[in-house]
Amino acid sequence: MVNQGILDLFMGFMDGLIYFSIAHCLFHALCGCYKEIYRVLKPGQCFMAFEWCITDYFDPKNQEHHKIKAEIEIGDGLPDIRYTRQCLEALKQAGFEARLYIPF
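With this note's numbering applied, the sequence shown corresponds to residues 743 to 846, in that order.
Keep in mind that the hints were calculated from the coordinates and are not lab data. Among the clues, some could well be false.
Pairwise CB distance ranges, derived in the manner of DEER restraints [stated by the list, open to error]: (1) Arg781 with Pro802: 16 to 24 Å; (2) Lys803 with Gln828: 13 to 21 Å; (3) Gln805 with Arg781: 37 to 45 Å; (4) Asp818 with Glu778: 21 to 29 Å; (5) Arg841 with Pro802: 42 to 50 Å; (6) Pro845 with Gly819: 21 to 29 Å; (7) Ala812 with Ala771: 32 to 40 Å; (8) Gln805 with Glu778: 17 to 25 Å; (9) Glu839 with Glu806: 31 to 39 Å; (10) Ile816 with Lys784: 26 to 34 Å.
All C-beta atoms in this analysis are idealised placements derived from N, C-alpha and C, irrespective of residue type, glycine included.
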């Protein structure tokens, strides 16, 4: 079930059809995943992703941050969570233009 509030946020921002996808964090080769999504989209269509990411507020020296990160990874069955900048770079390498991103 897609959170309607999240979709409403984007509907006014982008015209046309939006494809929404989650769970890219489970892919080892994130750029390859994004490239395949880019390949199958028709020109002018938009893609919206929801990712588990680590922001720049994560302090690698803070044990509490590591504990929270580990609990999220274990609870959601995730591999090592990527930094936001890594996800944005993978999108760009796949051919996407990151028009908006909102860190939660």
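* Checking against the hints above, which ones are violated? -> Result: hints 1, 5, 7, 8, 10 break, sorted rising.
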